[in-house]
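Q: Here is what each chain is made of, one letter per residue.
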Amino acid sequence: MSDEFPDSTLRTIGAGSEIDAGKRPHSIDGLESYAVMSIGLTKIFRRGERDEGLVAVRDVSFACSKGEVFGLLGPNGAGKTTTLRMLSTVLRPTIGTARVAGSDVRRAPQHVRASIGFLSGNTRLYPRLSVRETLEFFGRLHGFEGSELDGRVAHVIDALDMHEFADRRLERLSTGMAQKANIGRTLLHDPPVLVLDEPTSGLDVLGAAAMIDFVAEMRQRGKTVIFSTHVLTEAERLCDRIGILNNGRLHAVGSLDELRIRTGKEFLDQIFLSLVREDDASGGSDR
Amino acid sequence: MSSRFLKPTLRIYWAKELRSLLRDRNIVVYGLLLPLFLYPLLLFALSEVRALTAGMRERMEPAIAVADLPELETRLHEVVPPPRTFPLTGGAGEALASGVADLVIARSHGNGRLIVSHDSSSGPSRIALERFAPVIEKWRRQAESTALARATGWVERHEPTFVDTSEKTDSTRILLATLLPLILIVMCTFGATWPAIELTAGERERSTAETTFLLPLTRQDVALGKTLAVTSAAFVTLCVHLFAMLIAAGPLIAQVRGGTASIPSLAWQSLPLVLCFGLLLSLVFGTLFMLAGSYAKTFREAQAFVTPLQLLMMLPAILTLLPSATLDATTAWIPIFNAGLAFRAALLGDIDVQATATTLLSLSLCALLCFRTTVRRLSDTSFALGFADSDGIREKWS
Amino acid sequence: MSWFTRLRVLVVKELRDLARDRKVFYAAILLPALIFPILLALTGKLTPEGPTTGIGLRIGLIGHGPEVDEIIRESPWANWATGADDDRIRSGELDAALIADYSGKRLTNFRVLYDKSSPLSELAARELRGVIERVRDRSRRNALDATGIDASSLPPRGVQYHDLANYVRTDPPTSPQFLPSMIMLMMLAAAAFAAIDLFPGERERGTLETLLVQPIRAEEALLGKYVAVFLVGYVAVIANIGGIAVASTFEASPLEIPLDASTIAGAILLTLPASALVAAILVRVAARAKTVREAQHYLLPLTLLNMVPALLAAAPEMQFDAFTACLPMAGPALALRELALGSFDPLAIAMMVVTTMLYCALVLQGALKYLANEEALLGDGDSDGKAARVIAVALFAILATFVVGPLLREAPTVVSILVPLVVFTALPAIVAGKSVGLGFDLRVFGRRTRGRSWIVAILTGIGLALVVSGVAALQRHLLAPPASFDEAGRNLIVSIPSLPVALLTLAIVPAIAEELLYRRFVLHGLRTELDRPRAILASAALFALHHLSVFRMIPSFVAGIVLGRLVLRTHRFWLAPVAHATSNAIMILLAHSASPLAGGSIARTFGDERLAVWRLLLGIVILVVTPWILERRQVWPLGRTAAIPDRT
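Chains as they are written, first to last, in this note's numbering: chain A, 322 to 608; chain B, 3 to 400; chain C, 91 to 738.
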């Protein structure tokens, strides 16, 4: 099995021809300012040989520039997680592709993985390892060794203030502490792009607030952050631009102001509802 | 107690628990469907392996080196299929070690005995011994008798006869009566395990324990309902296994041993007694496992608590397989062990009233004890709210 | 960073993770190391050492004479009581009874009464038989010696058995037979813990996805886990062998093998390939499971499956040679057995190692393929279970046929054949058809059948008969059925004297019933989830199982493939029963005594083992050429040129 996945559909979209498989793709003129660019991402889950499949995400295209915070908004089951999983190469798109931090998710998934930090409700940490061991493990997988590894681990422990419990096993930590360790894991290799799937879900008020501060800080540091949420206030506070996803389709992309103009509504929740209802009314469900 | 059983709320709760247990795919598949498939499948595999090895055995042509015993050689050739015989040259050890012969028969010059050598590390040699040792023995006796008759005219007439007095010489019955207790007890523990964990730790993991305790029922009623549901599930499993074994075992044993198949002629009239023992056992296992499960926070932890207990319960059942294990005044007091023995006795129809009564008494006492402890534990606040610190237990264990 | 470094990092992490789970420690080290010492200590204590030291058997006695006195002297294990009757034995008051009939002073007969249903009574009877024979031997010998004939001209005095195997401490040696399978079982249990923890366990804990967003390849992640599972299992094997070595030093150890250092080292080396295979199978199975509970449920069937090779390896008939060494799991078990027995066959061992590693690689590749499907990996892909349902129905049909068969043995042959076919084969296929979307319309896969197709069907049947008889004859060289099996086959045909009835019950009805189940219901159900070759192979495997005998499995598997291909390629269901019936009918016509063909030169050619290869080749030629000639590549294209979508 190989991660390389030549597919004729790529050519029809016109994204694949310039990219050399296996190597870090050289930048395409005018595109290097984008940290993430999704081109017609589509995911169909098929159950069996003859199953027609369930379209989880259909033709999602957007781009976000370096240093931008991009929010994916949508109700449960809208396809947010699937989209982010495709961007982080956990899932392979059925059709379409995406470029993340300059690499193609189909052609060079390992490069993509090396340059993103992915955090979601499904990326938890090994309970029987201590925080330090966890960080060391992931650091090694990212190719750090010796003093460089020690330095990075120490730095992350320092930055997230985890000295107190750095040598305790994760199973004995509280949810908040474990979340810190998980953030530490995503930051260890200093990725230019962070992909966060509902980062605040399951956290209490304090934890969520810390998470939001964290995203804000990442923006200040010039990282690109893509995150999904169904909490509208978060999106309103943090996002430079917002994409609204419903029934697997991306309905609108733009800054809050642009969306206000488009829908004529003032607040994000109204904007969101009007876009979603518009979609439902047009019979947007493909399933 | 009886009035409590009639309380409609309790009945409703019991029915709800039982229904939700029977809707759990794991419990249905492993408690009910598996037994129906398991025994046929197992014995199918067994019979096929036996057919295969029988085919191989028939194709074997044992090589027997015989030193100067022409009459014996003739006799050996009368066996079907006949072996290959040849005169022994050199030592028996060499012939066997080189694989030339599977069996070496020679006469000792010292004491006049026949020396039959084989090599038990070789399969063909063991099979040859098994097949031909009776032939050799019989030949020797007959040769002696003939010699005696020639010399003295004394004809040895009597051959000892062996009379089987058992009423039905149905070997299926005996095999089944020996195996069934073990299988029933083991399967009953399996039948109790999942439901017991499901209704204790499982309920806590799914966070439905608090919902349950908010029902308009007393804590004791909830505990009672859970206990009854688990016991019923375990008992149903036991009955299914009993049924499956009775249906499947006869034909299957016939497949393996040859001969006609019939539903084994067990002592049907003692079936109520068997079911009674089964019910008591289900109660013991169900309550014990629930007790263990009630200290666990998660399903996996509960499994870790219950599995050793389950193995422990199986041990006495395995011991009932020993031929020297019989139900008497002493063994009838050992719970579970006595149930296994009483099962066997009941299935064979030789019921010793006193021992059976003792068994019933001992099992009932045991069940009552377990039942009381469990109901008390399940009515406890620490179980209801999940404050029970299983860490304490764990530390004690380790 | 090289892949090896990444693999090492992964393996170290997995092992550290596992080592901190106390359960793995119990399963991999404590239990395997202690089980044999404990078991042996227990069984040594519990099993009575023969009736001489153990329980006193109660024997009733009738009759009195010098022989009886001698028997009493010879049996210190017995408690004698006077008088005996059947009831006292049946009630268990007496274990057995000895009745000596004397006429005058002369003993005329010994009778032993016992109850076969009681193990104790059987034991008593066995002991009595030994004593009686001893006493009789002695008296006979004394009489002979008294005649003064030269001892060398007399028959031998007795029989002495010598076991010349060099390792034997006591007789008979059973441990080499059961030890290998026990070791494998321990290995399975320990590695299963690890496999379950590392696949569904991680999935439940949500750590699998964390690993997958790291810059590593999926095969590296899989291999890292596989190596960890293998190491845990192998540690269990070593602990287990260590435990056996300790147990073999016990005073009352029933182990006959003295374990020296070289045997132990050999055992540790020989179990390596088997451990690798078991770990691969476990990884493959565990990767499927979404939850820990589900994975645990897969373990029971696996353990049962493991029993078959274990049983085979325990049979003394099984010899360890270059052929048996290739059997999966049985080969390694046999190798271990031979090691314990002190023999050494380098070729067979080499074959065992090579084939086992090959199976291991195949299984791992399958696991890799499965994990390449990321939905499966994340536990999102969920099948609607049509394939599982279909397999369950087929298994039901197979087992019901198996169970009912002996119950109908007394019934007339026609009944005993037709009842399972109609009730347990055709009926479930039709009734359960709805659950996979088949109606009662029997034309499924059904395009209209044209005249030419019938010719294809009949020619396929002829080809099938040739292929099946060829395969069956060739198979006899490897798997020889016992004589009773061949006889049963002959009797089946002979027991139906009328040829038309025989054709109906043995050719036409079985063809329709079995095809309804396997080529209509099963194949259709499997096609919803599997691709064409896999669906055909799986349905053929079930069809082979339906024939309920190892000796019929390979030919019927081949037949299943041919018929499955026929149906899926032509999209016409009814061709399969026709081909099947034709094939069966040819066999019956050649064998049935009322048939004009029986005994003729054609029948002799068909039965000739030397011509098996030619029959096989001719059959293959017919099967390949038929559709090509008749349909000019329209009905049954050899390539995949005419990709006609299946009707659903």
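Bear in mind the hints are in silico, worked out from the structure with no lab data behind them.
Some clues are possibly wrong.
Said to hold, decoys possible - Below, in silico cross-link-like pairs of lysine to aspartate or glutamate (EDC-like), each with a Cα-Cα straight-line distance of 16 Å or less:
| # | chain 1 | residue 1 | chain 2 | residue 2 |
| --- | --- | --- | --- | --- |
| 1 | A | Lys387 | A | Asp534 |
| 2 | C | Lys206 | B | Asp354 |
| 3 | B | Lys140 | C | Asp227 |
To be verified - A short list of chain A residues far from chain C (calculated; beta carbon distances all over 12 Å):
| # | residue |
| --- | --- |
| 4 | Gly442 |
| 5 | Glu454 |
| 6 | Leu527 |
| 7 | Asp561 |
| 8 | Ala573 |
Stated by the list, open to error - Stretches of chain C that chain B covers, calculated by requiring three or more beta carbons in the stretch to come under 8 Å of a beta carbon on chain B:
| # | stretch |
| --- | --- |
| 9 | 226-234 |
| 10 | 418-424 |
All C-beta atoms in this analysis are idealised placements derived from N, C-alpha and C, irrespective of residue type, glycine included.
Q: Flag every earlier hint the structure violates by its number, smallest first.
A: Failing hints, ascending: 1, 2, 4, 5, 10.
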